[in-house]
Every structure is written in structure tokens, then in C-alpha cells.
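Participant: Residues per chain, in single letters:
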Amino acid sequence: MAGLTLNHLYKRYDNSGKKKKIKNDFAVKDLNLVCEQGEFIALLGPSGCGKTTTLRMIAGLEEITDGEIYIGERLVNNLHPKDRNIGLAFEDYAMYPPLNVYGNVAFNLRAKGVDKNEIDRRVREIAPLMQIDDLLDKMPVKLSGGQKQRVNIARAIIREPELMLMDEPLSHLDGKARQAMRTEIKRLINKIKCTTVYVTHDQLEAMSLADKIAIINFGVLQQFGTPAEVYDDPVNEFVASFIGEPPMNILETTIINKGGTFFFTFQNSNLQITVPKRYYSVVSDGFRCKMGVRPMDVLVGGADSEGTPEEIATFENLGDERRIGIHVGDVLLMLITEDEKRYRRGDIIKLEVRGEKTHLFDINTGDRIREKN
Amino acid sequence: MKNRRGLNILMNILLILYAVFALFPILWMVLISFKSDTEVFTTTFVFNPTLANYREVLLRSDYIRYIRDSVIVAGGAVLVSIIVGVPAAYALARYNFPRKEELAFQILSYKFAPEILVVLPLFMIYQKLGLYDSYVGLIWVYQLISLPLLIWVVRGYFEDISVEIEYAAQVDGYSWYQIFFKMLVPLIKPGLVSSALLAFIFAWNCFTFPLILSSNKVYPVTVAIMKYLGTDSAHYGQLAVASTVSALPAMIFALCIQKHLVRGLSFGAVKG
Amino acid sequence: MAKIQLENVKKAFGKVQALDGITLEVKDKEFFVLFGPAGAGKTTILNCIAGIMMPEEGVIKFDDQVMNLIDSAHRNVAMVFENYALYPQMTVYDNMASALRSKLYRKDESEIKERIQWAARIMKMENLLERLPSQLSNGQKQRVAMGRALVRTPNVFLMDEPLAHLDAKLRNAMRTELKEMQANLGSTCIYVTHDFMEAMALGDRIAIIKEGKIVQIGNGDEIYYMPCNEFTAQLMGDPEINIIDADISGSEDGYSAGFRVKGEKVTYALPKDAGVYTKIRELNLTRADIGIRPQHVKYSFEPKEGYFKATVYSYESIGNKSVIVVDCGDDANSQLRMIAPNGLSIAIDSDIYIHLEMEHAILFGSDTKEYIVRYDEANYIALAASQEEK
Numbered sequence: 001m002a003g004l005t006l007n008h009l010y011k012r013y014d015n016s017g018k019k020k021k022i023k024n025d026f027a028v029k030d031l032n033l034v035c036e037q038g039e040f041i042a043l044l045g046p047s048g049c050g051k052t053t054t055l056r057m058i059a060g061l062e063e064i065t066d067g068e069i070y071i072g073e074r075l076v077n078n079l080h081p082k083d084r085n086i087g088l089a090f091e092d093y094a095m096y097p098p099l100n101v102y103g104n105v106a107f108n109l110r111a112k113g114v115d116k117n118e119i120d121r122r123v124r125e126i127a128p129l130m131q132i133d134d135l136l137d138k139m140p141v142k143l144s145g146g147q148k149q150r151v152n153i154a155r156a157i158i159r160e161p162e163l164m165l166m167d168e169p170l171s172h173l174d175g176k177a178r179q180a181m182r183t184e185i186k187r188l189i190n191k192i193k194c195t196t197v198y199v200t201h202d203q204l205e206a207m208s209l210a211d212k213i214a215i216i217n218f219g220v221l222q223q224f225g226t227p228a229e230v231y232d233d234p235v236n237e238f239v240a241s242f243i244g245e246p247p248m249n250i251l252e253t254t255i256i257n258k259g260g261t262f263f264f265t266f267q268n269s270n271l272q273i274t275v276p277k278r279y280y281s282v283v284s285d286g287f288r289c290k291m292g293v294r295p296m297d298v299l300v301g302g303a304d305s306e307g308t309p310e311e312i313a314t315f316e317n318l319g320d321e322r323r324i325g326i327h328v329g330d331v332l333l334m335l336i337t338e339d340e341k342r343y344r345r346g347d348i349i350k351l352e353v354r355g356e357k358t359h360l361f362d363i364n365t366g367d368r369i370r371e372k373n
Numbered sequence: 001m002k003n004r005r006g007l008n009i010l011m012n013i014l015l016i017l018y019a020v021f022a023l024f025p026i027l028w029m030v031l032i033s034f035k036s037d038t039e040v041f042t043t044t045f046v047f048n049p050t051l052a053n054y055r056e057v058l059l060r061s062d063y064i065r066y067i068r069d070s071v072i073v074a075g076g077a078v079l080v081s082i083i084v085g086v087p088a089a090y091a092l093a094r095y096n097f098p099r100k101e102e103l104a105f106q107i108l109s110y111k112f113a114p115e116i117l118v119v120l121p122l123f124m125i126y127q128k129l130g131l132y133d134s135y136v137g138l139i140w141v142y143q144l145i146s147l148p149l150l151i152w153v154v155r156g157y158f159e160d161i162s163v164e165i166e167y168a169a170q171v172d173g174y175s176w177y178q179i180f181f182k183m184l185v186p187l188i189k190p191g192l193v194s195s196a197l198l199a200f201i202f203a204w205n206c207f208t209f210p211l212i213l214s215s216n217k218v219y220p221v222t223v224a225i226m227k228y229l230g231t232d233s234a235h236y237g238q239l240a241v242a243s244t245v246s247a248l249p250a251m252i253f254a255l256c257i258q259k260h261l262v263r264g265l266s267f268g269a270v271k272g
Numbered sequence: 001m002a003k004i005q006l007e008n009v010k011k012a013f014g015k016v017q018a019l020d021g022i023t024l025e026v027k028d029k030e031f032f033v034l035f036g037p038a039g040a041g042k043t044t045i046l047n048c049i050a051g052i053m054m055p056e057e058g059v060i061k062f063d064d065q066v067m068n069l070i071d072s073a074h075r076n077v078a079m080v081f082e083n084y085a086l087y088p089q090m091t092v093y094d095n096m097a098s099a100l101r102s103k104l105y106r107k108d109e110s111e112i113k114e115r116i117q118w119a120a121r122i123m124k125m126e127n128l129l130e131r132l133p134s135q136l137s138n139g140q141k142q143r144v145a146m147g148r149a150l151v152r153t154p155n156v157f158l159m160d161e162p163l164a165h166l167d168a169k170l171r172n173a174m175r176t177e178l179k180e181m182q183a184n185l186g187s188t189c190i191y192v193t194h195d196f197m198e199a200m201a202l203g204d205r206i207a208i209i210k211e212g213k214i215v216q217i218g219n220g221d222e223i224y225y226m227p228c229n230e231f232t233a234q235l236m237g238d239p240e241i242n243i244i245d246a247d248i249s250g251s252e253d254g255y256s257a258g259f260r261v262k263g264e265k266v267t268y269a270l271p272k273d274a275g276v277y278t279k280i281r282e283l284n285l286t287r288a289d290i291g292i293r294p295q296h297v298k299y300s301f302e303p304k305e306g307y308f309k310a311t312v313y314s315y316e317s318i319g320n321k322s323v324i325v326v327d328c329g330d331d332a333n334s335q336l337r338m339i340a341p342n343g344l345s346i347a348i349d350s351d352i353y354i355h356l357e358m359e360h361a362i363l364f365g366s367d368t369k370e371y372i373v374r375y376d377e378a379n380y381i382a383l384a385a386s387q388e389e390k
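Chains as they are written, first to last, in this note's numbering: chain A, 1 to 373; chain B, 1 to 272; chain C, 1 to 390.
Extracted from the complex, chain A is given alone in its bound form:
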């Protein structure tokens, strides 16, 4: 059973009152998504891409211009937010300051008129799960960012919603707290098996939490798939460069034919990379496109390597790994290595690129060029 279905969803803001016409006045454009029962999906995109608008439409906080939203089997287009049976956890912790943690968690049930003993039972049940059992008597002002966020989530899940919506719940936390909280959310959602939509601009958060990721740009869905799919098989240049850190190296290239073998060549660079055989059906001599390769798929060759000798432009020792940057034309090609060897700027290394891991993108549209079968 589907947990959430978005059917040709549109959102258009009425700009008639404003002097400036916004170029792209669709905040969300023809969005189709099916999220299975119990699945954790992330809406991922840069700020202003329409992901939060989508979430607000699902929650019922924003009018829908066109399209349909189903939660389970119910069409909820015209339902009031409170009747949609959803739990919300937003980035700013809107807690009721005069109530203590217990009161905040119980607030929703009290408003619904749930029996007092029943409320108590449910609060006591959920508190250890969220590790807030010893905070129940505290007031919101006394809590740290991580604690507030846990209370916030507890408040959302205590209603036993059909659908959980989270909007950047971790963006207020820093470094380690954020990582720890990410792990906790992941475990928790795994336990309660609630269909969840999670909005974030941080690809790492999406990759580590979600079962499936919907990547959105300018209100248009780019790709919807598992983390592995969007990472290994991006549909276009945007997805390829948005997912992964450091991002995929994307270089403009002209393919040349040297005695039956195709090579990627680059402007103002002597770097040549063999084009994998599988692309032979789509390329030709002089074919121009963009080549993408992840930094882990660029290697430093050994002494007997046949790789192109290149000069190191940047060398960053990060402890766990080392990053090397090499100028290819005016683009810095990054590669990651875990071996212990130290280099310096100006050292010459033999560069090897795993040809089979390269992706081709259309030079104008950025769409993926796939090999023909």
C-alpha cells in the first residue's frame, strides 16, 4: 500500500500583487511521487527549489494549485491539516514556552480530549524511546538544541500519525550533535515504521537517512531513487554534482578517434582518457560533451603506470584521507586517496581514470548520455 502519493502536483504563487515578475512562477511543477508504506523519503535540493513548499502542501499549510495528494488511500486535497493525521517536526522548534516537556509532548492529545491516563501511558512509553525521560519536568528554555529537537519529534510521533513530515530538523545543530541526532532519527523511524518525508538541502543527511531520495531543482523533480541509484546512476549533471562530497568532477571534453580507439581530450590540457567501449555506440570523432567522474575513481598510478603525468596543484592532507587537485584546463580535477604517501604542490603524478566509471552528459542540456544496448 502506498503511504503517500503525489499526483501531478503544481504550486503557483500569485504574483499579480508584486511589481517584480518572478521568472519561474511555478514553485512546484508537475510533481509525481509514490512513497510506499513505512518508507523514509528525502526531498533534497538547493534552497528555493520548492521542497519545503511541497512539504507544506502535503501538510495542508499551503494551498494546492493543481494535482492530487493521497495519504494512504485518502484524497486529502480539501482536508484541514488537523484532519490529515500527520506529525510535523520543523526546523524551528516551536514549543509552547509556558509548558514543561511533558506538557508539550502531551499537548496534542489533551487538545483532542484523550483520556488522562491514556496520555500519561503514551508519554511514558515514548519518552525513553526519544531519550527524554529525565527531561519531562524541564521547561523548554532549559533545553539544548538536540534535546529540543528530540522533544519536538516526540511531540510529532505521539499522535501516532499516518505520515511524518520533517523540515530540516537538524539544521540548528552543529557537527557532532547533528551526526548523533541523525543516527537517533534513523533508528527511531526504523522502530516505529512510519512513512516519513524529510526535507533537507544537505545531501549527506539525505544519503544517510533516506530509503529513497527525490532530488528537486527549480520545482521540478530531477530523479527519484535509492541513495545508491542517485549516486551511481545520476540522470543529469545537476544530480551528479549535487550528490557526493567532494562533488563529481565534470569536465567539458572533445572525443577524438586515434586509430580506432576513442579518447577524451580536454582544452589546454594534455590529459587523455580512454573512452570505455560501451560508449562507442554513441560517440564519434570530434564529439563534444561533458565527462563526469567521481574523485574516488581517479587514481594515482604507480611507477609503471601508463597514466598521463600531471602536476599537482593542491594537496590536502585530511588525516583520514588525502585530496589532490590537478588543473585540467581551468577546472580543478579532484581525487581522493587513502594511501599514506605525502605529495607537494608541483609534484608530478601519473593520473589514471577508471574509464568504466565515467558518465557522459549532454554539453547543453546536461542530460545523461547513455550507451545504447
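Keep in mind the hints are simulated off the structure, nothing from the lab.
You may find that some hints are simply not true.
Claimed, not checked - Each computed DSBU-like pair below joins lysine-lysine, with the alpha-carbon atoms no more than 35 Å apart:
(1) A:K142 with A:K29
(2) A:K186 with C:K321
(3) A:K341 with A:K191
(4) A:K191 with C:K321
(5) A:K258 with A:K82
(6) C:K279 with A:K341
(7) A:K142 with C:K304
(8) A:K372 with A:K341
(9) A:K341 with C:K213
(10) B:K227 with B:K35
(11) C:K210 with A:K341
(12) A:K82 with A:K142
(13) C:K304 with A:K341
(14) C:K103 with C:K124
(15) A:K142 with C:K15
(16) C:K124 with C:K27
(17) C:K262 with A:K341
(18) C:K27 with A:K176
Using the hints provided, position chains B and C relative to the given structure of chain A.
Facilitator: Structure of chains B and C alone, referenced to chain A:
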């Protein structure tokens, strides 16, 4: 869409009604100023317009002198407020000293007490000090009106400027005075201008203080208007002229700076 | 360009001792990183060097000249602030020109223009010069703030978390750019950060600061491989190092380490290593905290010789690889982190078998939490020394 249009029309009608209601006294005042004394009490809008009142007030009385006094007193008060208030606001925004908030609140509290409450003791003191009926005396007492306003608005502006901007300018090789005038003053300008103009309007309109604390030598226009209400006769036409003319600067200022006034008083320096 | 020295610098804010006897020397043309958690006093050190704050005690010297009584305008330092501190009423061009138009550092307008264009080219912001700061994104503001410092020829560049407000990706990209620029800069630079990757990547040397004190000074390799205590070890590396409280037993023929996993005792032979064995014998160690980085923890889904059983607490991707956290006991402190590839199908709370590669271990005192010794110490000392030379 249709609904919204209907709503718009209704809103506009309501606003026009309110405007007529609010502006009526002013309109009536302007009308009276063009009436002869005999027609003053007619309640119809039909009359023979005359400029006699204007001639009488502007040319044959000391009215211009009163206006001049008002300008000197209100302008002087604002000038003193700026010279004293801007550094005070800076200090309140930047430095930490004991009882800072209490001091700031005390400055604000000057505006709380009704003028009439303090004016009698002030009258006695002014008599003793020789400040009675002098420009300095009035400018001084007007600080009660203009200074708190200026300090509070400008302080908010200083607080909005991050202190790192001053550090950055120091590191860039500027002295404190250069930083203050080159970096900070431009940033507080919207707040300074709007609060200074508002203070000017308040000082201009002030009635109680000049009524009690001055007599012949310094004669601001608010008090002077009373002259036209004699003990034996009331020249309502001339009174209306005097009022109209004296209200003009305030109205013109208010109209010109309307936009800035709202912006200046409600936004900080580096926002927007 | 100058050498910067701080001798026993102390600074308090009310009752809080922000700096508690900081002594350090930054060599001429060195890129020196101050690294530590928030609130450690890093920015205060920078402010004291810039002359924005006066230390209560201690001496600050530029090229052996005492600077304590010289105000910040006359110290000739260029500073990049964490919140950029751009002058909002000035265009980017005027912001960058501001120092060169002051009385102290005045230059001809033609020279100013030349330098600004040079800096704008390096920072890739030639098209921004006419804009106001309010029209810039955070990344662009950051470039302008850097550019404003670059146009000068100061005694020292001071940079206070210039990348902190950028999102992870832009931060890493800017770090790489900064690294590339650093070679052209050729001047003394003191850089404050709380991001260990920035510290490692940029610093010729790094000073670890904690609660107003210097914990350790050294180059990246020294600090990463030979952290002077557990605090430093945990700061360097992501995910952070695993620290296991273990008993040491045995004799010089073969020591072994024992610790409890889910109530059962697991014993690991400590591989032979002259340095480690000598230290254990000399100090007569019976207990130690063993530090093992996540990349040196191996896992298996089948029982295996030398592997012990634990349960999966979480499995999540951190980009090009994943982290498995396993539970080895009843309380939350007994978790181990390890690196694994992406895309494994691992169920939470399922069984997993763990192996620790002791040949990469670092030993800390179990009471002092201070560094004792590590495996292959001589090699790592040589590696760190080879970095010094440049």
C-alpha cells in the same frame, strides 16, 4: 477573484470615509481662514472667500517673528539632541557599565510624565536661574521631548551594527573618530534623520512649556496663536490662518519623510 | 611579513578566564592554525594579536618588538572576520579599498585599482566589484572579506573561521581554493577554525586550544598520528577515534589486552613492536585506553577467528563511504565506529563480528588520558619530520 474585487472596493470606501472623518477638523480650519469674521459661524460650505485674514496675520502682526522663534527653539532643541544624543546612544549600545539599562530606562521615562506636572517647579527654577523667557531655557527644556526619542531610536541602530565592523575599520588603519564619522554615521543616518524630524515636529507642536516658561522675548507660534483669542474679541479667521501656517511645516515634513519615517523607525541599520 | 610571538598571554572576561597563559611562536611566512572546540579562546587570541583586545598579562611581539601598547590601526595586520564585517554602505570595491585609503596605509588610487583587480582575479569575483554587500551570497561575502585582506601587505593575516558559515560543500571547495592560494600568498597567516579538515589541510602547524590553554602544537601528521591526549585524538578524524578501556597482561614474550564486550571478556594479543613493548615494561602498565581509528576496525557477518560478536547500532552513509556503529555493551559509551562501503544491506540490531587491528593502535594512560605510545611510532615520527622540511 470577483470576491476580492468587491472586498477591495468596500475597503476603499471605508478608508475614504475614515479620511474624511479624520481630516475634517483640518479642512474646517483651512476654510475658516478664508472666511471673514462675520461668516465664521456659518455651517454651510458657501461663503465669500477672502484673503484679509492672511494679510492681517502675515503682514500686519508679528507672526513671522513667532515663526522664527519656533524655528530657533525647535531646531536648536533637535541640534542639541543630536550632539548629545548620538554619543549617548553609542555608549548605551556599545559599552557595559553598571546600571546601564536603568539609565536607559530613566532617559525614556522623561517622556512618561505629563508636562504640566513638571512645568510649575521648572517655572520657579527658571525664574531663579534667569532662564525664564530665553532661547536657551526653552531649548533646554525641550530636551525632555526630543532627547529620549533620538537616543532610543539611534541606540537601536548602533546595536544592529556588528561590532566587528568597527574592529575591521580599526585594523584597516582608521582612528576612532574616522570610524565614527565614515563608517557608523552613514549606517545610522536613516534612524537619525527620521527620529530628528519627528523630534522637531514634537518640539514645534509643544505648547505647555513655552506657555509657562516664556513670555515676551521668546514667543513660539503655538503660544502666539492664543493672541488671536483676545479677552474681548475672538478673531477666529486670523486664528485659523495662524494655525494653518504653523501646521504647514509639520505637515510638509510628515508628507516628505513619511516613507522614511516608517522605515527609519521600524528597521535597523543593516537589515533590508 | 613578520614572526609573531605570544608569551604567557592571559585574558579574562569577568570571571571567565578566556586565555590562560598562551605561549606560542608563529614563524615568518608560516600558515599557523588555531584549532579547538567553540569557546576555547581561539578568537580571543586573534583579537589580542590584532590589538582589538588588550591582554591583562603577557607579551605580544611582532619580529621581537613588543606590540602590547600599540593600537590595532598601527599594528598593520589584515583580518578576516567570522561574520565578514563588510561595510554595508560601501560597494565591494570600496570595501576592499578601505584600508588603502586610510591615512596610515594610503596608496594612489591607480595602485589601489591595480591591487583590487589582482585580488578580485584570485578570488574570482571580478564581476562583483560594483555590488553592495547586501546583494551578495554568503560565499561571495566570504570572498570579499578575504579580498579585503589580500590587497594589503600586512605583518600577518588573521583569519577567524572564514569558512564557518558556508555549507559543507562550498566550505570544502573554498578550502581547496584557499590551499591553492596559500602558496601564492607567501606570508604569515594565523587561521582559526573548529573544523579538523581545514586545520589538517591548511596548517603548516596546528595549535590545539582547549579552555584557554594550548594542548598541543605540531604539524598535521604529528597531531593526527601522535595526539598528546584523548581530547586531541577525538578532535582529529571523522568519525572519531574509538577508545577502549583495556587491561594489559602478559610478559615481554607477548602482551595482550583484555576488555569486556557484552559482559564477556575478549582478549587480544598485542603484536610485537619494540616501542610499545618497551613502554609497557618501563611503565609497568596494567591498564590503558586503546585508541583505534574507525578505518582500522574490520567487520564480518560470519563468525571468524579473531573476531568478536556485537550488534549493529546504526549504518549510515557519509558520502563516498559509510559508518557502522556497533554496540558492544549495555551503556551507550561502549560503541565502536568503523568504516564500511556504501550499499551494504545491514539490518539494525543484527549480529556482526568485529576485529580490531591492534597494529594501528594508540595507547593512552587510563587515568591521565595522556598519550603513552603508538605502534610504528618511529615511522610516524619520520613521516611528520619529513613534512617539517618544506
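Participant: Please name the hints from earlier in the document that this structure breaks, with their numbers sorted from lowest to highest.
Facilitator: 1, 3, 5, 7, 8 and 17
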